[in-house]
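Two chains, two separate frames, one set of hints: put the complex together.
If you read the protein sequences in the order shown, they are chains R and H. When we follow my numbering, the leftmost residue of the first sequence carries the number 1, and every step to the right adds one. When we follow my numbering, the leftmost residue of the second sequence carries the number 1, and every step to the right adds one.
Since the hints were derived computationally from the structure, they do not count as laboratory data. Keep in mind it's a predicted model, so treat the numbers as computed, not measured. Backbone N, C-alpha and C define an ideal beta-carbon position, used for all residues, glycine too. It is possible that part of the hints are untrue.
[Unchecked claim] Capping the alpha-carbon separation at 25 Å, the derived lysine-lysine pairs in BS3-like fashion look like this:
(1) Lys99(H) with Lys392(R)
(2) Lys392(R) with Lys242(H)
(3) Lys159(R) with Lys174(R)
[Stated by the list, open to error] Reference excerpt, derived from the structure (chain H facing chain R, CB under 7 Å, subset only):
(4) Gly47
(5) Asn73
(6) Gln91
(7) Ala102
(8) Arg108
(9) Phe111
(10) Leu119
(11) Leu130
(12) Tyr134
(13) Ile137
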Amino acid sequence: MDFMAVLRVAMRALARNKMRTALTMLGIIIGVGAVICTVAIGEGASNQVQEQIRNLGDNIVFISAGSVTQGGVHMGSQATKTLTVGDAEAIRQQVPLVSKLSPGVGSQVQVVYKNQNWYTRVRGVGPDYMDIRRWPVSEGSLFGQHEVAAASNVCLIGKTVVENTFGDEDPVGKTMRVQNLPFLVIGVLQSKGQSPFGFDEDDTLIMPYTTVQKKISGIDWLNFIMCSAVSNDAIAPAEQQMAALLRERHHLRPDEDDDFIVRSPSDLAQAQAQAGRIMTLLLASIASVSLLVGGIGIMNIMLVSVTERTREIGVRMAVGATEEDVQMQFLSEALVLSLLGGTAGVMLGVAGSMAVSSMLRWPTLIPPEAIGVAVLFSAGVGVFFGYYPARKAAHLDPIEALRYE
Amino acid sequence: MHPSMREELVESKPDTEAAATSAPVIRVENVHKTYDLGEIQVHALRGVSLAIFPGEFVAIMGASGSGKSTFMNLAGCLDRPTRGRYLLEGQDVSQLTKKELAAIRNRRIGFVFQGFNLLPRTSALENVELPLVYSGIPHRQRVERSMEALRTVGLAGRGEHHPAQLSGGQQQRVAIARALVNNPSILLADEPTGNLDSRTSVEIMEIFQRLNEERNLTILLVTHEADIAQYAKRTVTFRDGKVRHDVLIEGRLIAAQVLPTLASVDEDDEADASDGAEAQA
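This is chain H alone, in the form it adopts within the complex (with noise of 0.2 Å):
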């Protein structure tokens, strides 16, 4: 991203009016997670206490080892905490089971992953189906809100290609619609544009900043690339298992308006161009 760019784009509203309002999605108070590897205990996170509200878009930023990935882990009810408590929309999910946990993931948690995570050999349809299996939506229903979730990310009318036969981009949009069908309360995205080209990269971006506005949709975005994180709204960043700064964005970028400047740069990648245009329609 040059820094030129930065001038030319409206200035995001901070949402600390809505913060001071309505209730965090996610409050975490004094969260410890500790590893045992046996000999030597890995102190993951010393305390975190943080608080998300509807509607924020956070950039979760840190070195590798600083304890984001475990933060994120625990924010996903993928892994609980050794100690403090985690509310996620007011419900205390730090000492539930297995089971509850795998319940919440599916219907208030959305998924994605770095490296897509797509079901290989399984079209894009069902793969975005997938939560809603597991919610024991009935088959016809799954198709319904499957195919509108596909609508969103611009991919109608790709239901039925299988990830094989999608691009980089694609495939990271079938990812988001699965994270999107059950139409949850969060969507975690680790690293989601680091398999990803820079035009490809944005175009991401402007989804999230679309379901962001559009829908209020809560988003955690783990990322490492400073100029990723300057299209969420808070930048938090771990280090040492700690959270060393939590800022608001100033002069946030907004994809839909880089975009167009990006056209003539990635001239060697014309078939995720169009594609973008495609999603814009």
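One chain only, chain R, in its complex shape (with noise of 0.2 Å):
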């Protein structure tokens, strides 16, 4: 029996009851349908968690001042002054992995321009700083080593305090007063949103640190230092290295806790997009035990025909249909149910997952490969659920079906 004939027979056995076809196909379309939502929500959240992995900048090591305790009291966290510009020039010079470098300090400052004023926080960085952070200017320019050794009273400044100081004036070229001091605004930063971890990263005005050492915190010491690793393999062993760097720079004993804290916030945000992906699998296979119960009906509805045509399958072994032949007969129809199923699953998917964007603006992605494997998928559900009644209409005894009421 060539292909064509066997498919034509099955789509007439499946058209001849529409309504049953179509409710077991429901099991499938809804199947194939949710497992495709899901997919589609949980690869555009990991998709979001990715772009701002990327966001957050080029291979970062973050080490900030620890927290100590003094006499069994726990102070804060970057409450140690251990931390300094000579432990940053250790590292540019012994640690190869890292390949730029910034030392941070970090301060609130209250921020006036004419009638205007705001409070936000200051960041004192070296001029790799932006690099590290893939940060650019949108206006003006950046600052640079001439600036960090005068401590010159220049600023960066982000869009939040832009928009609450100067309003739609340019500021760039403009003085605004910062602790009561003249600076002179130098360059606007690129608008870069909510970091992951959820603050307004254009609410800050960036400045040489040694600008903020000297005239706004009044310190030597540093909060933090933010590098680059040469790669993102190369993250953990800079890691390792500085720490013991830093070990070593400050006098600590074996039995001693660290006075630092290294941190890749790579690390964290990796954590999360992992914690995203096995949330969207435990959807998915949630969804997909759907599809498992659409397979159920499938073989259900199988056996209810091949009871119901038992007469049809004796006639035609009679004129000698094989039992491959009966076989194949409700294999393709259970297939083409399942097929036909899951390619509307598709279409529901689809059509689900960008209401789903539209209306809660939740951002979407539909894998293309994913359409493949749930039509795949789909297919192989009619082929495990369809080969057992196949196979019971396949072992009738032609005698018995001819007989059959």
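The following block contains the structure:
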């Protein structure tokens, strides 16, 4: 029996009971649709996290001053005063896995321009900082080594600060007051939006770390050092080497805790992405349970169909259908059923995820291979659950089948 | 059937000469069939030997449980004997696999059943095509041969009708066309007139006799109606799993001659009568 004839017979048998066929397919349609939807939402979320990781910067390793325990009392983080410019220089020279490095100090400042004022964070950093963070200026320019050496009163200004102080005015070249000192705005930072950890990255000032140390905080130590590792793989060994170097420089005994914290934000984001993936997998596997139920529906209907058509099977066998012919016929019926359902399910899934992203504003992404896998999987469901009924049909005794009422 | 009609009919020639010269289409030798139903064993056939030659038209008779159905199932290669040999056109088919038996049913045997057994909601033409589908004949050839078979049974032009749109007699003729389409060596008819009125039954017998005469087609006809058996050339009667009688029919009925005498009898079945006329044309 040729393939087209098999297919035609299957299509006709399914067309004979349109309502039943549609209801049976519904199980597969909902199953595939649900899987596509959850995968689309999960992929969309994970894609967003990946985007944020890329936004975070260039293989960042972040060393911050640690918390210390003094007389049994834990001080806050960045409470130690042991992290110094000397440490930063030592890392730059002795850890070759680090490609770029910026010392950093942070503080909170009051900013005044004309009659507007704003309270914001200030970061004192080196010239490499913007590069490490992959954070270009949208207008004006960066400061260089010269401004750092001179502890100049220059600053870069974030979008949120611009909106709250300058309003519609172009801030570049203007002078604003920071903690009552006049500062020249040399550039506006490109908007970065929310950080993966939820705060507004644009609500900040950036100036040379020497300026913050000397003119704003009045300290000579650092709050953090931000580095770029040469590659993603170099992050972990770079972390170890820097920790060892700092312990040595800080004369810590082996039983003493670190007085600094080495972190890699991409680790955190990776972990977040991983958690998202696991969630997606979990949801998709729950959704695929409905695909299983749909498969059982196919099996059920195929068994009914075999019983109903016992005489037909007998006739086909009497006129020369082999067991393989009969098995093929019913298997292809189950396959057509599940493939049609799978295709309709993909359409439902695509429509559903489009609805989710337009109504809930969730990012969704349907990987093309997910569609292929969904269709193949539903075909697999059809073959798996159609096999038993088809086998049952093929093993009918033609004499009994012909006599069946 | 009125016994008085018999005198008017021409006697058939017994095929004894043919039987003597040619090899049998069916030769069964001491065939046994035992069904093992767990605790009890049912001996459906207890040593049947029979030879049926090309061009014979044999009526198989017997009460239910006599073994005639079992014999027909074996003859039709739907089942295999427990013991003994079955030679179909000289080939021993008693030990073939299911797949090989399917191929033999497909190419050498045509079945006609009491309940017609047409596929519902499938056109007459496609019903007739069915055996050709399983022998892998290409579509165009299938259609040609099926149309030809429908013409033979007087249903030319009815190919697109579904079984539900056809009378019982027409459905049985579609079934006969399906049995003929692969040019089988034997035609097995199991109570083909059991569901038909007497006039339509004679029409079916007319087709069988015509096929038997014109094509020299060997026909085995199972029936429990003695008057239907009178259209055959030979009667084999089964009882208790054995052949009890095997006789040539004397005073055989010829359907083509019986039919005109029936036209007035069955006035209540106008539709079938007109179909019968068509079949003659």
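These are the hints, each one checked on the structure:
1. This hinted pair checks out: Lys99(H) and Lys392(R) have alpha carbons roughly 17 Å apart, not beyond 25 Å.
2. Restraint check for Lys392(R) and Lys242(H): the C-alpha separation of about 34 Å exceeds 25 Å, so the hint is violated.
3. Pair hint Lys159(R) plus Lys174(R) holds up; C-alpha atoms about 15 Å apart against a cutoff of 25 Å.
4. Hint on Gly47(H) is violated. Least Cβ distance to chain R is approximately 21 Å, over the 7 Å limit.
5. Because the smallest distance between the Cβ of Asn73(H) and any Cβ of chain R comes to about 5 Å, under 7 Å, the interface hint for this residue holds.
6. Interface hint at Gln91(H): violated, since its Cβ lies 16 Å from the closest Cβ of chain R, which is beyond the 7 Å cut-off.
7. Annotation: Ala102(H) was flagged as interfacial toward chain R, and the flag holds, the nearest CB pair being 4 Å apart, inside 7 Å.
8. A distance limit of 7 Å between C-beta atoms decides the matter here; for Arg108(H) the minimum to chain R is near 10 Å, and the interface restraint is violated.
9. A least Cβ separation of about 5 Å between Phe111(H) and chain R falls short of the 7 Å threshold, and the interface hint therefore holds.
10. Interface hint status for Leu119(H): upheld, as the beta-carbon distance to the closest one in chain R is roughly 6 Å, under 7 Å.
11. Proximity of Leu130(H) to chain R holds as hinted, the smallest CB-CB distance being about 5 Å (cut-off 7 Å).
12. Below 7 Å, beta-carbon pairs count as interface contacts, and Tyr134(H) has one with chain R at about 4 Å; its hint therefore holds.
13. The restraint placing Ile137(H) at the interface with chain R is violated, with a minimum CB-CB distance near 10 Å, outside the 7 Å limit.
Hints 2, 4, 6, 8 and 13 from the earlier list are contradicted by this structure; the remaining hints agree with it.
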